[in-house]
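Taken in order, these protein sequences are the chains called V and X.
In case it helps, my numbering puts the first sequence at residues 39 to 153.
In case it helps, my numbering puts the second sequence at residues 1022 to 1135.
Worth flagging that the hints you see were computed from the coordinates, not collected in a lab.
One should not assume that every hint holds.
A few chain X residues that don't get close to chain V, going by computed Cβ distances all over 12 Å [unchecked claim]: (1) Ser1033; (2) Arg1038; (3) Asn1043; (4) Asp1045; (5) Asn1048; (6) Val1099; (7) Asp1105; (8) Ser1106; (9) Lys1127.
Within a straight-line C-alpha distance of at most 25 Å, the following computed BS3-like cross-link-like pairs (lysine-lysine) qualify [what the hints assert, rightly or not]: (10) Lys41(V) <-> Lys1092(X); (11) Lys1058(X) <-> Lys139(V); (12) Lys1092(X) <-> Lys1130(X); (13) Lys1058(X) <-> Lys1092(X).
Now the in silico label distances, taken between C-beta atoms and shown as ranges [as the list claims (entries may be wrong)]: (14) Asn1088(X) <-> Leu49(V): 41 to 47 Å; (15) Asp97(V) <-> Asp1076(X): 29 to 35 Å; (16) Tyr88(V) <-> Ala1091(X): 29 to 35 Å; (17) Gln1102(X) <-> Thr43(V): 24 to 30 Å; (18) Met1050(X) <-> Tyr88(V): 33 to 39 Å; (19) Ser1090(X) <-> Ser46(V): 42 to 48 Å; (20) Asp66(V) <-> Gly1104(X): 30 to 36 Å; (21) Asn1048(X) <-> Lys91(V): 26 to 32 Å; (22) Gln1102(X) <-> Glu117(V): 42 to 48 Å; (23) Tyr48(V) <-> Arg1082(X): 29 to 35 Å; (24) Lys56(V) <-> Pro1103(X): 39 to 45 Å; (25) Lys1089(X) <-> Lys109(V): 32 to 38 Å.
Heads up, the beta-carbon is just placed ideally off N, CA and C, and yes, glycines get one too.
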Amino acid sequence: DVKVTQSSRYLVKRTGEKVFLECVQDMDHENMFWYRQDPGLGLRLIYFSYDVKMKEKGDIPEGYSVSREKKERFSLILESASTNQTSMYLCASSSGTGLRKNIQYFGAGTRLSVL
Amino acid sequence: DQQVKQNSPSLSVQEGRISILNCDYTNSMFDYFLWYKKYPAEGPTFLISISSIKDKNEDGRFTVFLNKSAKHLSLHIVPSQPGDSAVYFCAASAIMGSQGNLIFGKGTKLSVKP
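Using the sequences and the accompanying hints, generate a full structural model.
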């Protein structure tokens, strides 16, 4: 079974803090993704990565950055947290080849509250 | 502009009956479609998928139907069980020329009443 692990289930941070969300997958997947989920808005893609040290902007990258130094780990960074970044953050990974490359496997999510 | 639309934010069904969740898409380049199920405070879990070369795919109680001409797909759950109560997301992708990015709908919250 694919396992995608997000380091924290719940986080509370203050406005202006730098926040790191960590994600690790154990299936040697090439692709990794960060989403945020908000009520009524579905899942919105923040950033994704196809390979180590590669990153691509998603639909809502403003206020975020990412880091992928190792294949299994993909970090989301909030440089200066703001209250409008309070959300559920979801990490996902997928294989880079074949039909199954389109099936993404998700972590349990991190509920971030910025006060 | 939304490329994947789930027009019903919620659906309520009696236990044992059929649940039908609908999804429409606009991009004719999409050729692979997926359904995910999400419980509160958990990540989405993959449920079932269908390629555009098929019009139906079945897995136990779950069946996905694809109507390419109408750009419409639906998920049927028969019989519905209280444990099926969750938010269901439809997603679409283009297999060719794609690194596997998915476009998600906004979700439909299914409530199955005992």
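Practice item. Starting from the hint 39 to 45 Å, judge whether the C-beta atoms of Lys56(V) and Pro1103(X) obey it. Key: holds, 43 Å
Point to revise | Cβ distance range 33 to 39 Å for Met1050(X) and Tyr88(V), holds or violated | key: violated, 19 Å
**Study point:** 12 Å cut-off, C-beta based - Asp1105(X) kept clear of every residue in chain V
**Key:** Label holds. Min Cβ-Cβ 18 Å, cutoff 12 Å.
Practice item. Given the range 29 to 35 Å, decide if the beta-carbon distance of Asp97(V) to Asp1076(X) lies inside it. Key: holds, 30 Å
Check your understanding: Do Ser1090(X) and Ser46(V) keep their Cβ atoms within the hinted range of 42 to 48 Å?
Key -> Given about 46 Å between the Cβ atoms, the range holds.
Practice item. Check the non-interface label on Arg1038(X): least C-beta distance to chain V beyond 12 Å or not. Key: holds, 26 Å
**Study point:** Verdict on Asn1048(X) as a residue remote from chain V, using beta-carbon distances over 12 Å
**Key:** Holds: least Cβ distance 14 Å, greater than 12 Å.
Point to revise | Assessment of proposed distance window 42 to 48 Å (beta carbons of Gln1102(X), Glu117(V)) | key: holds, 45 Å
Check your understanding: Does the Cβ pair Gln1102(X), Thr43(V) satisfy 24 to 30 Å?
Key -> holds, 29 Å
Exercise for review: Examine each Cβ of chain V, and state whether all of them lie more than 12 Å from the Cβ of Asn1043(X).
Suggested key: At roughly 15 Å from the nearest Cβ of chain V, Asn1043(X) sits farther out than 12 Å, so the non-interface label holds.
Exercise for review: Hint says 32 to 38 Å; check whether the CB-CB distance for Lys1089(X) and Lys109(V) agrees.
Suggested key: holds, 36 Å
Practice item. Please work out if Lys41(V) and Lys1092(X) have their alpha carbons no farther apart than 25 Å. Key: violated, 33 Å
Hint compliance for this structure: hints 9, 10 and 18 are broken, all remaining hints hold.
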